[in-house]
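**Student:** Once you've looked at the hints, dock chain B against the given chain A.
In order, the protein sequence lines correspond to chains A and B. According to the numbering used here, the residues represented by the first sequence are 1 to 195, in order. According to the numbering used here, the residues represented by the second sequence are 1 to 217, in order.
Just so you know, the hints here were simulated from the structure itself, not pulled from any lab data. Honestly, I wouldn't trust all of these hints.
As the list claims (entries may be wrong) - So the derived label-pair ranges between C-beta atoms look like this:
no.	chain 1	residue 1	chain 2	residue 2	range
1	B	Ser33	A	Val15	19 to 25 Å
2	A	Glu94	B	Ser33	40 to 46 Å
3	B	Leu116	A	Ser75	54 to 60 Å
4	A	Lys45	B	Leu31	34 to 40 Å
5	A	Leu168	B	Ile73	38 to 44 Å
As the list claims (entries may be wrong) - Here chain A is said to cover these stretches of chain B; the calculated rule only asks that three of the stretch's residues, wherever they fall, bring their Cβ under 8 Å from a Cβ of chain A:
no.	segment
6	10-20
7	23-35
8	43-55
9	58-67
Heads up, the beta-carbon is just placed ideally off N, CA and C, and yes, glycines get one too.
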Amino acid sequence: MSPNQENIHTSSDDVLVKLVQEGNKQAYNILVIRYQHKVFDVALKFVNNHFDANDIAQEAFVKAYRSIGNFRGESSFYTWLYRIVVNTAKTFLESNSKHRYNLDVDAPEFESQDSHGVLTTHDSPDKLIESDELQKVIFKALQELPEDQRQALSLREIEGMSYEDIALAMQIPIGTVRSRIFRARQYIEEQMAKI
Amino acid sequence: MMIDSKQDVEGLNKLSAIFDGEDISADDLKLLSKQDQTHLQNWSLIGASMRNELAPKIDLSFVDKVAAQIENIDIKQEQVTAKSIKQDTQTSAANDETLFKIVPFIKKSSLYLSQLAIAAAVAAVTVIGFQIYNASDATILEPAANNLVHNVSSANLASYQTNPMHDNVIRFNDIQATQSNANNQAINKEELRQKQEQELEKINNYLKGYLLDTAKN
Chain A
1 MSPNQENIHT SSDDVLVKLV QEGNKQAYNI LVIRYQHKVF DVALKFVNNH
51 FDANDIAQEA FVKAYRSIGN FRGESSFYTW LYRIVVNTAK TFLESNSKHR
101 YNLDVDAPEF ESQDSHGVLT THDSPDKLIE SDELQKVIFK ALQELPEDQR
151 QALSLREIEG MSYEDIALAM QIPIGTVRSR IFRARQYIEE QMAKI
Chain B
1 MMIDSKQDVE GLNKLSAIFD GEDISADDLK LLSKQDQTHL QNWSLIGASM
51 RNELAPKIDL SFVDKVAAQI ENIDIKQEQV TAKSIKQDTQ TSAANDETLF
101 KIVPFIKKSS LYLSQLAIAA AVAAVTVIGF QIYNASDATI LEPAANNLVH
151 NVSSANLASY QTNPMHDNVI RFNDIQATQS NANNQAINKE ELRQKQEQEL
201 EKINNYLKGY LLDTAKN
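Chain A on its own, in the form it takes in the complex (with noise of 0.2 Å):
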């Protein structure tokens, strides 16, 4: 991980963490949104194994909210939630490492697509997607944007650059900044819900 993607985020964090700690728990799920995926691949390098992952990532997110109170902004959030994560995998380790890990051997495989062509497991109630395919489809996305636009979401997405940021390094003004970033999103968003 780069120390640009390292600070993505960081500082409209701080904004959303403050309004989380004011009890919105709408900002919150703003924060669930934008670590889920990191939460998971570091819950899923501990266990290797996609249910318990999930429960990890889970339960990590819900002591970070409850605990949230004592965050005081002296590292990112993102590295305080780590630290959460972290623990809260060792932790699941320690209590299943006797029996749990024997039984994973049946573990649930995808069976069929649901309405939106998305793979699907019988066996479990969560809404499970493949992400190959995901990942192909934004790829070609990306790749059919105009220049401008996908410049200005790589510059956002794998930099981590403000909008500010952004308008000085391409020279152009912020509420630029903001619609191209938009279009571009919507374009990638439109061709994800071809899948």
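**Tutor:** Chain B in isolation, oriented as in the chain A frame:
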């Protein structure tokens, strides 16, 4: 994964900015609909995919599950509970600290007292021991005299035999000593004195060693 009609485009443009942490306000967040949340999730998938963070399988209901779990959690109550636990811990720690200060004082005082008591006991033993030793030496050296001396004219000769102030005492010991070998008596006294010195030295060494050991501990 539906896109709203054109009239909603400006709202989505604003939502996209909110997602990136630009122009966030509590009022904006209050207005977020379920459809808005779906857009946010899709944009999150796009970002994660671009950063190569996507797991092989993605649970699209993840955010809803977390939201359901935190729904009944009052974060301010949690904060109060956490604070009270912290305060309890601090109070307990303060009590422990006070106790921690008192205990060494008592420990230190008891150490001094025990040392003093031991020194007094040793001193008492030394004095009494010395007296008993002298008495037993006299008994051993002159058993016949002690056994033979009886009260004469209401005076116990054995009691007075070493006291030169009693002139009316018949000094059988002196007589016996005079009659016995004068050289032997001198040797016995010298031996006695040496034994006494040795004993005193032993007691002093023992006392010294004990005090040093106690002080070390």
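**Student:** Confirm or reject each hint.
**Tutor:** Checked hints:
no. : hint                           : result
1   : B:Ser33 / A:Val15: 19 to 25 Å  : 21 Å, holds
2   : A:Glu94 / B:Ser33: 40 to 46 Å  : 41 Å, holds
3   : B:Leu116 / A:Ser75: 54 to 60 Å : 58 Å, holds
4   : A:Lys45 / B:Leu31: 34 to 40 Å  : 37 Å, holds
5   : A:Leu168 / B:Ile73: 38 to 44 Å : 41 Å, holds
6   : 10-20                          : holds (count 7)
7   : 23-35                          : holds (count 5)
8   : 43-55                          : holds (count 12)
9   : 58-67                          : holds (count 9)
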